[in-house]
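Student: Listed below, chain by chain, are the residues.
Protein chains: 2
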Amino acid sequence: MNLPSKLLEEAVEAFASLPGIGKKTALRLALHLHKEKQQATDFIAHAITNFKNNISQCKECHNICDSEVCDICANPLRETDIICVVEDLRDVIAVENTAQFRGKYHVLGGVINPMEGVGPDDIQIESLIARITGSEVKELILALPSTMEGDTTTFYITKKLKDVDLKVSTLARGIPIGGELEYADEVTLGRSILERVNYQKG
Amino acid sequence: MNLPSKLLEEAVEAFASLPGIGKKTALRLALHLHKEKQQATDFIAHAITNFKNNISQCKECHNICDSEVCDICANPLRETDIICVVEDLRDVIAVENTAQFRGKYHVLGGVINPMEGVGPDDIQIESLIARITGSEVKELILALPSTMEGDTTTFYITKKLKDVDLKVSTLARGIPIGGELEYADEVTLGRSILERVNYQKG
Numbered sequence: 001m002n003l004p005s006k007l008l009e010e011a012v013e014a015f016a017s018l019p020g021i022g023k024k025t026a027l028r029l030a031l032h033l034h035k036e037k038q039q040a041t042d043f044i045a046h047a048i049t050n051f052k053n054n055i056s057q058c059k060e061c062h063n064i065c066d067s068e069v070c071d072i073c074a075n076p077l078r079e080t081d082i083i084c085v086v087e088d089l090r091d092v093i094a095v096e097n098t099a100q101f102r103g104k105y106h107v108l109g110g111v112i113n114p115m116e117g118v119g120p121d122d123i124q125i126e127s128l129i130a131r132i133t134g135s136e137v138k139e140l141i142l143a144l145p146s147t148m149e150g151d152t153t154t155f156y157i158t159k160k161l162k163d164v165d166l167k168v169s170t171l172a173r174g175i176p177i178g179g180e181l182e183y184a185d186e187v188t189l190g191r192s193i194l195e196r197v198n199y200q201k202g
Numbered sequence: 001m002n003l004p005s006k007l008l009e010e011a012v013e014a015f016a017s018l019p020g021i022g023k024k025t026a027l028r029l030a031l032h033l034h035k036e037k038q039q040a041t042d043f044i045a046h047a048i049t050n051f052k053n054n055i056s057q058c059k060e061c062h063n064i065c066d067s068e069v070c071d072i073c074a075n076p077l078r079e080t081d082i083i084c085v086v087e088d089l090r091d092v093i094a095v096e097n098t099a100q101f102r103g104k105y106h107v108l109g110g111v112i113n114p115m116e117g118v119g120p121d122d123i124q125i126e127s128l129i130a131r132i133t134g135s136e137v138k139e140l141i142l143a144l145p146s147t148m149e150g151d152t153t154t155f156y157i158t159k160k161l162k163d164v165d166l167k168v169s170t171l172a173r174g175i176p177i178g179g180e181l182e183y184a185d186e187v188t189l190g191r192s193i194l195e196r197v198n199y200q201k202g
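Line order of the protein sequences matches chains C and Z.
The opening residue of the first sequence carries number 1 in my numbering; numbering runs sequentially from there.
The opening residue of the second sequence carries number 1 in my numbering; numbering runs sequentially from there.
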């Protein structure tokens with residue numbers, strides 16, 4: 001794309017550095033700011049800088065929060081003997097939305113991904129082990145993505161914990177609720193047959 | 001969406017203020033910055049602020065540029081008697097990519113849109129009239145979008161110029177090159193029949 005201005009080029013480059021935003025969308029965003037009032041740009045620049053500079057992490061679960069301990073960890077009504085291990089905040093929100101889990105979380109902040117240079121030490125695995133050791137935690141739900149990287153991370157954590165007296169579970173894989181069999185991929189359908197559950201009669 | 005942090009909420013709101021970016025995408029972008037190095041955020045904040053504060057307009061065609069007059073207006077090889085009127089920079093790029101136009105441009109910076117409070121005085125129509133009056137311009141191509149707002153703007157400009165001795169044309173509407181008739185909408189197909197062109201025999 002041949003742009004008539006260096007300043008515009010830089011703004012386009014800035015937007016295009018974000019995931020899922022290509023050059024064309026980036027140009028549309030930059031031209032949107034050009035049309036809008038000065039405050040719109042200042043608000044965005046200030047909000048992201050402020051977020052990046054001042055955001056902190058819960059010292060228990062490593063979720064993003066404004067204080068030392070997040071609301072979930074500070075909530076005395078949440079069960080303390082079960083921990084759900086997730087990749088990031090979005091997964092916490094997803095699990096919370098199900099209203100099926102009343103325990104606490106542990107946010108890894110990523111999954112092991114050698115291709116992108118993310119090793120076990122780059123995510124919150126050590127702190128998970130430390131958190132469990134000598135605690136009252138009885139079960140760990142590894143709710144990580146069903147990808148190669150997610151499975152690797154699940155395997156790594158399970159191996160690390162093999163000597164710890166603790167129940168470790170992962171999410172059930174199978175046909176989604178409302179899903180047609182003909183549209184399911186073979187791996188998922190195969191897994192749902194292997195891990196079939198007893199039907200409750202009556 | 002129930003976010004655990006005010007700072008994150010503000011960053012999400014900032015991204016979601018951009019066109020085409022919803023709350024979910026905005027959260028993904030904010031979490032991306034959270035993971036990335038400090039420089040990534042600083043670069044974006046600096047680039048958009050710098051762009052907004054220091055960008056200028058070509059005093060001839062009102063296109064975005066870094067200097068007083070843009071490269072196209074300053075180019076002595078471009079024809080000066082024909083002006084293509086477009087909505088914004090993206091349309092200049094689109095027309096330039098066709099390599100079919102060697103004249104100059106006039107960038108309106110929008111189209112008349114009463115629903116969004118954009119009147120004729122909010123876009124560069126007066127400066128277009130002033131630019132044409134007493135000049136050597138012989139033809140004006142109104143290359144505005146084929147929407148209600150674009151057509152209104154085309155109509156408005158044409159009416160304003162009715163006493164000026166000048167050829168005014170608009171883009172041809174019709175079946176796109178490579179397009180199948182059965183997939184064309186009725187209005188487009190109807191227009192392409194009404195405005196059929198003589199086939200060059202031999």
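Just to be clear, a hint being listed does not mean it is correct.
[Stated by the list, open to error] If you want the footprint, here are the derived chain Z segments under chain C, 3+ residues with CB under 8 Å: (1) 2-10; (2) 42-48; (3) 74-81.
[Unchecked claim] Derived lysine to any residue pairs resembling SDA-like cross-links, with alpha carbons at most 20 Å apart: (4) K37/Z / I55/C; (5) K159/C / I177/C; (6) K24/C / N97/Z; (7) K24/Z / K159/C.
[As the list claims (entries may be wrong)] Partner residues aside, some chain C positions facing chain Z, computed with beta carbon under 7 Å: (8) L7; (9) L8; (10) E10; (11) T41; (12) I64; (13) C70; (14) C73; (15) A74; (16) N75; (17) P76; (18) R78.
It is worth saying that the hints were derived from the structure and are not from the lab.
Every residue gets a Cβ at the ideal spot worked out from N, C-alpha and C, and that includes glycine.
Student: Now tell me, hint by hint, if it's right for this structure.
Tutor: We went through each hint and held it up to the structure:
1. 2-10: holds (count 8)
2. 42-48: Since three or more residues must qualify, the claim that chain C covers the stretch 42-48 of chain Z holds, with 7 doing so at under 8 Å.
3. 74-81: violated (count 0)
4. K37/Z / I55/C: 14 Å, holds
5. K159/C / I177/C: Not satisfied, since the Cα-Cα distance of roughly 32 Å exceeds 20 Å.
6. K24/C / N97/Z: 14 Å, holds
7. K24/Z / K159/C: This hinted pair is violated, its Cα atoms lying about 34 Å apart.
8. L7: Holds: closest Cβ of chain Z sits about 5 Å from L7/C, inside 7 Å.
9. L8: 6 Å, holds
10. E10: Holds - the Cβ of E10/C comes within 7 Å of chain Z, reaching about 5 Å at its closest.
11. T41: Holds: closest Cβ of chain Z sits about 4 Å from T41/C, inside 7 Å.
12. I64: 5 Å, holds
13. C70: 5 Å, holds
14. C73: 10 Å, violated
15. A74: Interface hint status for A74/C: violated (11 Å vs cutoff 7 Å).
16. N75: With Cβ-Cβ at 12 Å, over 7 Å, it is violated.
17. P76: 17 Å, violated
18. R78: 14 Å, violated
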